[in-house]
Each structure stands twice: as structure tokens, then as C-alpha cells.
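J.: What follows is each chain in one-letter form.
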Amino acid sequence: MIGSPDVVAFTKEDDYGQPNPEPWPPIPEEFSIPLYPLADSNPWAKTSYAKFTKDFILISEFSEQVGPQPLLTIPDEPKVCGTFDLNYFSLRIMSVDYQASFVGHPPGSGYPRLSFVEDSRVVLGDSKEGAFAYVHHLTLYDLEARGFVRPFCMAYISADERKIMLQFQELSLRFSQASECLKAGNRRAFAKELQRKLQDLEYTHSVLQREEGLQREADPQTRYSAHAVEKANELANVEKSIYEHRDLLKQITSYHGRPRRDPHAAMCHKCMSECLAECEDLLEKFSKLAGPLGCIGEEGQILTEDEAGEGEMEEDEDGVKRRPSYTPQLIRAKSAKCFDKRLKTLQELCDETFYEASMELLKETERSFRGDLCYLYTRRLDRSLRRKQKVTNFLFEEEVCEDNDEEVTIRPFCPVNHSVELYTLLKPPHIVLAPEPLEDATEPFSEISHTLDSELGLGESHLESSPSDQTLETQDSSEGTKCSYSSGTNMTKQQDQQHNLDSVISEAPDPDSDVTPDHERESSSEDMETTAGDDEGDHTPVSLLEPNGECEETPLEVCESDLLLPIDTACCMSQDGFLYEDLAADTADESDHNSKIQPPQTLVVNQEPQALHLLQDHYTVGSLSESPAAGLVLPVGQHADSVSHVSVEEGSDCTMSTSTGSDRAHSPFGYGAVVTLRQRRKAGQGALRFVRQYPFAIQALWCLLSGRTLVVLGEDEGRVRKLVAALALFVPGPGKSAERIQAWMSCPFSLSDIYRWKLIGLQRVSSPMGSSLLYSLSRYSRYISILDIDQKTLRCPPYHGQLLSNIADHRTSIRRGSSYFLHLQSVLCRLAAKAFLLTFTHHLHLPVSLEEGPEVVKGRRLCFLQEQLGLDEDDNEILLYLSQLITRQYLQPPSESTAPPCFSFKYTTSDLYKI
Amino acid sequence: MLRWILGSREAQSALEKSSVLCIGEEQPQNCFTELQVLKGHFDIVRFLVQIDDFRCASAGDDGLVLVWNTETGEKLLELRGHSQQITAITTFKCRNALTTQTMLITASSDRSLSLWDPDTGNRVQTIADLHSSVKCLLVLERLCLWLSGGEELCVWNQDFQLQCHQPNPSDTGIIALIELPKNCVAAAMDKEIVIYRLTVPADSVLCLTEMQRLSDHRDQIRALINVNDNMFASGSHVGELILWDAIDWNILAYEHILWEESQSASEIRMGSSKPSEMSIQHLCSNGKLILAAVGSGLYVYSVLTKTVLAYRKVAHDSNVLHTMLLSDSELISCSEDGSVRMWEIQDLPLAAEPASAGFFGMLTFGRSSKHSGPPSKKVLDVSNLKMLELIGDLIGHSGAVQMFVSFKENGLVTCSTDHLLILWKNGERQSHLRSLKLFQKLEENGGL
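Top line first, the protein sequences correspond to chains D and B. The UniProt record's numbering puts the first sequence at residues 1 to 915. The UniProt record's numbering puts the second sequence at residues 1 to 448.
If you are wondering where the hints come from, they were derived from the structure by calculation, not from laboratory data. Where is the CB? At the ideal position from N, CA and C, for every residue including glycine. Be careful, since some hints might not be right.
Claimed, not checked - Which chain D residues face chain B? A few, computed with CB under 7 Å, are given here: (1) 750; (2) 845; (3) 907.
Required output: the full structure, derived from the provided sequences and hints.
T.: Listed below in C-alpha cells is the structure:
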């Protein structure tokens, strides 16, 4: 366990608080009304603003019939949004649609154009409602809609503005995925619809032609009668319509070839090619029909050809599965207009599988963003750090289940679940916990402002008031607190920078990272300049960008790091919270398990090189200098679904407690079925009690940590089990499902039991079996330590070290089990780090020169342990044992090896300790 | 005087006993600080043979022969074929035109013999339906022949063809076979040692001629070993240790190992000492010393001086089953009590007190020696007597440790009635090797 929110908060405030009091970039006076008037008095009050209890996702559409309307929420429970006015909010979010959706006949083109609109991403807030939202606008195609487009938007709504701002990247990525998924399904559906329509048109056309032909034959004189003219017009209309629709089909087919500006717009290649092939198929078919249509000759011929064509099509349809055969219908000349017709629902607009898949994606997004920002932050930070130290994680950390959370986020989503090889890996966004630095912010803004420039004529003013760049007033309100942030549509540059940075970071070893970001900053700003220049139609002068990028970066960053402080404190204080008196124990403890003790200097994790640079400057203490640039990926709780309703049922609606949902989901990976989360939480208490109760606890802990099997002997199963559960916290490398721990056994054990299990709960029995049990105990006494909880004795080798006095002080002032648990985890984490160092330091194990014998190496190792790490002889054993475990794990994880495990031990005398 | 002697002896034996039991958990000289439990057998494991530097084979009552990699502890092969318990196993170097390959010959109670290839696990040759089950095997590498002893003595060639065959007059059958110079073999059966000579007469058919019967033992012979080129030794159930000349088959020395109590005035104790307490279970030698496992005690005999060098009556809690001399001063023994003990032959720290015990001990030996040896000389030679000091024990098996094989610094393999094998290793060395591997892998992977 690496980080823990409470530790972050407490130390942060005292030691690392920066003098700069401004949490946000300097906001002009007129905007700087405090967001939460009561923030000082009650940090939880902010949630009371909101009329909803937890974050949710809202999907709305701008209906051409009724205007903005909410469609659905995720999670789909009325409880979720409470008294929150969805209609009103839909209006708000739909009113900030910056998609350049131009529809109609562009000059020079005879047919209506489909507008290929890039999604737009906007952050907006409504402090009256206490709601802030990330809003993702997208456009779907509908043949029956005006201009063939239906604007939709998906919004992530939260009461915590900062949460949205800081998770913008991640939100953007996830919503983009969902949006891409919806759009892909929509294109499919649209193409299908076009196909039907074309068939209808062809059919109508043929019918009309036949009618006309018949009429002409019957009475050639009526050629110029009104009826005939009307018929001819109708025919012409149909023909035009056919051309138009064929063109539309061509356009939709060309969709994939179009260069995308959206960096997140990555789709499964197989899906894309399939879709493409399908569309091209269609296109080809209908262009074939175009032949006879183009040269209208003798009627009979056309008819036959038409029939032939239809027959052919039917064959095609049989060949191509999934396409239901369709009987063409005659199209009335005037279709019913607008308001009485039913608009297609979102499901109908998108292919069913795609719709389901994107809903799934959104649900997952909702799940993964549950909880307080601080909690999310630490969890992710912790995960990323743990991912970095894969080698030692097995010792004391819960398993990070790589397969589950990383892949889902990284790879572009494929609803049809094509095999993994087909995916192109998409760079996950970095965790953004501070608001975008100006460089980032301005850049999208240049886009936006461009849009605004042309559309609203607002661009200049925004660019000039650079601090307010991020604050775009969308609505004048008396509070003046409604603001929206927009990052516009183009993220590529940012993305590029991330890529650059990433590569640099991954290449650069620790000590260099001080220098690299500097260099990187230059390169990235160059990068930015050029791209900004290249971007056609961008009227923003480059010079405007520069000061932002270079100068204002610095104070801003510092601010951000400060900014997080109050939140953290707030959420951590809730552990002893006055608001959640009842919940506190549960929520705090549960969140403890995933929260990690984290050096505060890494609090700000930002992908920006400047940020990194700053961090380095200000907090050089950190040994984790790499981490700020870590590619942090949102964990996707596998079991979160099952858990979500639990937390709802419990009525723990506050953000703090909802966060526990995913906690619980993860716990099975750590301690498996043997130790559930609750048990683990109790284990901290149990361990604390053990430490306080027994003066010789330190010896017992030393035994466990130095790899000596500890047998807990007792009559009462409950007590033994409890103590075993508590002591299990100290077993290094307990295994994924605590394979190294046997909570209760009542038969005489053998040698293999001793080395399979590092902690054994043993029943004391008085029957004859008891004597054989005692015999086996005494026989193997050299390998084990025996803790007799009935007589309160411990038989084990003496320990004289100092290392453990920190965690096994029976006069400790720690009162709470969870605090002790965290304390313990931090100590163990430090131990693991030391063991890592010991394991992978070459000269401590192997001779440097040929002359050196093993004695010299051994001496050097001892010297290292003693002088560098300041350990006593007994403490050395702990480290050597951990080091051995790491070595073995690195060479061959136990699961892969066919060889029986090794059991190391020492021949030392044991003492008997009594209370 | 007698009382005093007895008292002192009592004290001595008590001391001896307690020192055995109280080796304690602190064993600085015990380098076996790592172990692996090798599972695979379903019944008592009785035999272990070393195949090469890193492989050994184990065999037991389940009829299975398992080949192990002693470096990793992995089970390499399972040689299945025998339906009943294995009674003897030995390695056999097959010489082809180009290479020499180590094979395994096994004998089983199902009255079959098999030749196995430990590289592939193939059963290369097999002979079934023998008249009786084979109890011992002897390979004559020089002659590319091998012998099987049981109720009859058979000579086989490399291709498992019977060369000649000697029905055994004795009821008990041959329990041990050793090779002697001049194409002779010695077979121990009941109380006799029979010397046979292998000859190839003119008609080029191999024949086995009985040369001599040595019947100096008064009880059943339990162990028969080669000491060096000139000597071989045998031990009997009542504690007689006879050293023989390997060429003219004369007795070079005769020791009757009777622990001092049986010679003391106390008749009660005499009665209480069972013959099995004196039975020589196992003999081993390194050319200079002979180590005899006598009951639950150990007895080291110097071949050069023909005197006892060191002894310990109660070396184990139960019968010693197998012993080995690691060097001139270190030895290992294993016993029915489930432990393996390592001993060091040390000079007596103080000449005064323990020497007196040794002196009495020597006296008894001197007297007990039925052979007309020179006891007076031995008594004078007290300074030669050394102590057998326990320097470590290996506890792991829950049943009798049947046998062990040492791979020098690579470890020690023990097998036991608890169906397990345990591979004991030097933890420090293993850790060093692992570190070596770790950095090798690190280099291969180009970093973490």
C-alpha cells in the first residue's frame, strides 16, 4: 500500500504548503466570486448544494420537435438525480454545442452534404444547481431528420467542479470512446436506412416509369397533360432523390477515409474495415443500378433489368448475413412532414450491439469515476505506482489486476469483441489532477475561439483576457458563478505532447528527469507553435500563445498543487468525521484499503512537462520523480456492478462512501476469498490489539517478516482465526488468495505444511491426537515459532533489532485499527523498497573483481545493510528474506515453476517469552 | 572401585545421551539451511542412486523409479514398469562405440530386472519371470558385465543376456555382492562369504567358480563393503567387524563391537541389550576409515592402525540405517528415528576425564575382541581415541530415513518411509546462485 489520503492531507498541509494562496489561475476580479461561500466553515457543504446525491451521466438530445430533452441517465435510477431538474440542465448543456454542424448545399455541390462533425467537449457549471458537467456533443445521422443530423450530448454531471476539471482528459477519452461507438453504430444503421430508401426509390422509380410508359402507349397525346407533367415531375424528383441518396451513401462510405482530428477517435480496425466493406458493397450495388437508370431506353428492358437487379440483390442479401431482406415500398411523393412523425430513438439510430456497447462503456465510466476526487486520485496514483514496482508488489500489496483495468481503457473499444491483435493501442490519457495548464487550455481555445470568431465574434475578447480563457461565460447569472470550460475539439497537439513526454520519461532515468522536462517544454511549445500555425483558419497569433505557455505556467502549477489541499484534508478528516459519524468507521476503513500512503510531493500529477519540472524543483525529496508523468489509467472495477447497488442500498450516498463500492470490488484480488475486506479491516484492529496486548509481539512479527513460520496455538477456533487474520498482514508474499496462510487446522502437521504455510492456526486438543500434535510441534520446533494464546507464551528466537519497534510498540499511541493498518502498510512498503534495493544491487551479491571471494561480498552486503540501511543483525534477516522472496519471484513466479518451493531456515535457539 | 566405575559410566552415558539430544537448534556448522520436499512416491522410498552431477534416482516399495534434478528439485522422469517393490537399483555405464551412457538397472520383487535410460525414461531392456527376486546387484564395469544376487547368482552381459548362473546352496540368499581383484566377487550369504572367480575357459563361455567360503562370522552377515584395493570388510548381526585381505581372503582384523554395558558386571543390563543393538546395519569406508552403523550407534575404525578411532554408542534414538564418510573427519548418518545427523571426529578436548571413559571403553573392546589381537597395545594407544561430536542434524522426515546421497556442495538427498525425499541444500550457496541467475536474467531482459 503506497498512498493514503489521510497521510497526504496531513503532511501536505504542514510541510509542503506553498505560500501562493491562489488555487486557480488568477481570475479577474469580476469573476472571482467564491464558488462555495461556506467552503471555509464546512467543507462538506458543497455537496449540499447539489440536488442530486452522486455523479451521474445524462444523455440528452436536441429534438427538432421539442427542443432539448433528457433521454436517459446512468445509473438509471430516479433516486440518482433526486430533485435535480434534468430538463433544465439538458437545455443548459445543449445550448453550448460548439459542433460546427453545417448542413445543406455547400456552394459547388449539387447534393446535400452530410456534415462530418467532430465531437465537441465542454465543461460547464451551474452553481445554482450545484452541478458541473463535462459535456460531450455528438451528432448522429438520421435520414428523416433535418439536415440528416440529430444532435445529442452526453454529460457527466458532478457536484464537484474540480473533479470534472481534473479528470477532463480521462472523461474526454472515455466519452469519446462511447461516442465513437455510437457513431459507428449509427453509420451502420444510416447506411442500412439509405439502402432501404434507395431500394424504395428504385422501386418507386420503376413503378412510375412503368406507369408513364403505359400511359404513353395508351395515349401518346396526353404527353403534355397536367397529369402527365406531374407524373414526369414526380419521376424526375425520384430520380433526383436517387442521386442524392446515392451520393449520401458515397459520403457515408467515405467517412473512414477522412482524416480525423479527434485523437480519441480510434475504432477497432476490424469493425472499421467491416463497416467500410459493407458500405462499399452497398455503394457498388447501387451504382450498378445507376447504369440502366442513367440511360433510360426501352421500358421493358429497364424493367427486366430492374427485376434482375433486385434478384441479384436478394442473392447478395443472402450472401451477406445480418442484413434482413427487405421488400421495397412505394414512396409517396410527399412524405408526411415533420411534427407528426415519430423521431427515431437513440437505440434505433444506432445498431443495437453498438448501442449496448456504448451504454456499457458509459456505465463503466460512471463506475470508475465514483467517489471523491481525492479518493480517485490516490487510488489511481497508488495503482500507477504499484504498476511501476511490479517486482515487489507481491510482498505486501494487493494485486493490481492488469488485464482487467488496463486493457479496457487502452484499447479502442470494440463492441463486437474482435480479437485483441486487431486493436491498435490507444494511448491512455494521463491522469490530470490539476487543471490544464494554460498551454493546454489556450490551445484548444484557439480552436474554439476560431469557431466563436466566425460564429459569435467573441474570439478576440477571450484571447485577450488570458486568465479568463478557461472561463467562458455561457449565461449571465446574478451569482456570476456559472462558468463553462471548453477545450474545443482539437486535442491532437496535446496528445502529441503527451506522447513526446511519455517517450522522454520512459527513456529518461530518474536523475535526468530534472533536466528533461525543461528540454521537453521547449520542444513541446515548439510543437505547439507549429501546429497552431498549420492549423488553417486559426487566426490566433502565435505570439499570444507564448506568454501563456512560458510565463504563466509557473504560478499556475504551484497553485494547483495547493489547490488540492483543502479537498484532501476535507475528505480525510471525514475519517474521524463529524458528518458521517456512523458511516465513518465503515467508509473510512474501507477506503483505507485502497488508499495508500503517499509522499505529498507527488500530489500534483500532471502530464505537462512544466509541471514535472516544477515538481522537481520544489520537491526534490521525492524518490518518485518518475511518477508524475505516469500513465495513469482508470481502474475498471470488475465487480463494481454488483457492488454499486450495494452502496446505493446502504444509503451511503455521499461521495465518500460511494467510493467504497469499487473498493470492495477490488479486495478479492488482494486477499482472495480467505480474507474479505471487512476482515482485512478488522485485521488492522486485531493486529493493533495484538501489539498492545503482548509485550513480545515484536518477536512474533519479526518471525513472520523474517520468514519463520508462526504457529498460533489455541483452543478456541474463533480467537485463533482472528489472530491469524490479524497477523496475516505481516506475512510477506501471502499469495493471491492467501495461500501461505492456514487459518485453522487440527491435525498434526508435516514439514511440507510448515513451508507451505507461513502462518498457521493450530487447534490445541487434549485427546491422544493432541499428543502427536504436540510431538510434531516439538519435532519441527526449529522451523517454527509457537504462539500459545491460551497460556500467552511465545517460543521463538530472540529479536534485538530496532526496525520493528516502530510497528510493534505496545505503548503505541495509535488507537484506531485502520490508522495502524495504514501505518503498518507504509512501514512494510518501505521495507519492500529496501529489499528491492538490496536485491537488485549487483555488487552486494556478486564479486566486483575476480580476486574477490564470497567472504568479501558477504562483508559488503552486511556493511550495506548496517551502514546504508542502518539495520541490526536481526533486521538484516528480514531484508534478506524479503530479498530472497523477490529474487525467487523474479526468477520464477511460484505459479510457473514445476519445482517444489524452497524452504529456507536458520539454526538458532529459541527463547520462551511470557507476559 | 567398581561402583565408582559404574557410576562414572552411568554419568558418562547419561552425558552422552543428553549431548545427543541437546544439540539444540543452534547449529552454526550445519550448512543445510534450505530444503525442498520432493513428492512423488506413494510408498516407502528405500533407494537412492546418483546418476550424474545433478541427477539422482529414487526407488521404493511402490515400484516406481523417479529421476530428479537435484539442482532445481524438479522431477524429471517417472520410470514405471515394476509392479512390486524395488529391491535393488544401481547405475550401469553402457559403453557404446562412441559414448558412455549411464543407465539404471532395477530389480523388483515381481521377479523382473529392467534397464532404463534415465535421459528418455525408456525401459530399454527387461527380464521377467526370474526364479527368485534379486536382492543385490553388482556391476563389473571393467568386464562390461553385471551380476544379480538373490537365491541364485547370475552373470549378465551388457545386453541383458545371461552369461552364467550359479544356484545358491544357502537358504537365505545373497544379501550383498562386492567386486574383488583378479576377477573375483565376494557374495555374502547368511553367515558366510563366498568368493567366486569369473573365468573364461577355452570354449569362451563365461563360468563362475567358487574359490573359497569364509565362515568366520558367528551370525548373519549384514554388510559387506570394499575398503580399498587390498581389503574388504564385513559386519554381522552380533557386531563382528572383520577386515579381510582382498587377495588371499585372510582375516586382517577382527573386532567384536560390544558396547561396554554388555561387558560390565551388570547381568541385567546384559540381558536387556538386544542383539539388534550390536547389529552392524551398514558399513562404509573411504579407504582409510571404516564407519560402522552398530545398532543406534556409530563406530569408526581406522584401517591403518587397525584400531577404533571414535565411537558413540547412542548416536541416534533408533537404529542407524545408512552412513557415509564425507571426509576423514566428517560423517553423516541417518536413522529410523527420522533424523540425519552430521558428526565430526574431533580430538578430545581435555585428555583427563573423557579419556578415562574412553579408556574403559577401550578396555571393554580389548576384552571383547575374541580374536587374538593385541589389546594391551590398544590400551596404551589411548591418545588415538577421538570424539565423535554431533555438529548438526537434519530433521524433516516424519518416518525412518532409509538412505541418503550426497551431491557434495550441491546438497544432500534423503529418502524416507514417509514417502518423501528431501533435498537439503546450503542456503547461502543457493542464494548466491539465485543472485547470479537474477543478474543474468536482468541482463537478458535488459533491465527490469
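J.: Any CB of chain B closer than 7 Å to the CB of residue 907/D?
T.: Holds, about 4 Å.
J.: Tell me if residue 845/D is really an interface residue toward chain B, meaning its C-beta lies closer than 7 Å to one of theirs.
T.: OK, holds: residue 845/D within 7 Å of chain B, min 4 Å.
J.: Please verify that hint: residue 750/D, Cβ, nearest Cβ of chain B, below 7 Å or not.
T.: holds, 6 Å
The earlier numbered hints are all upheld by this structure, with none contradicted.
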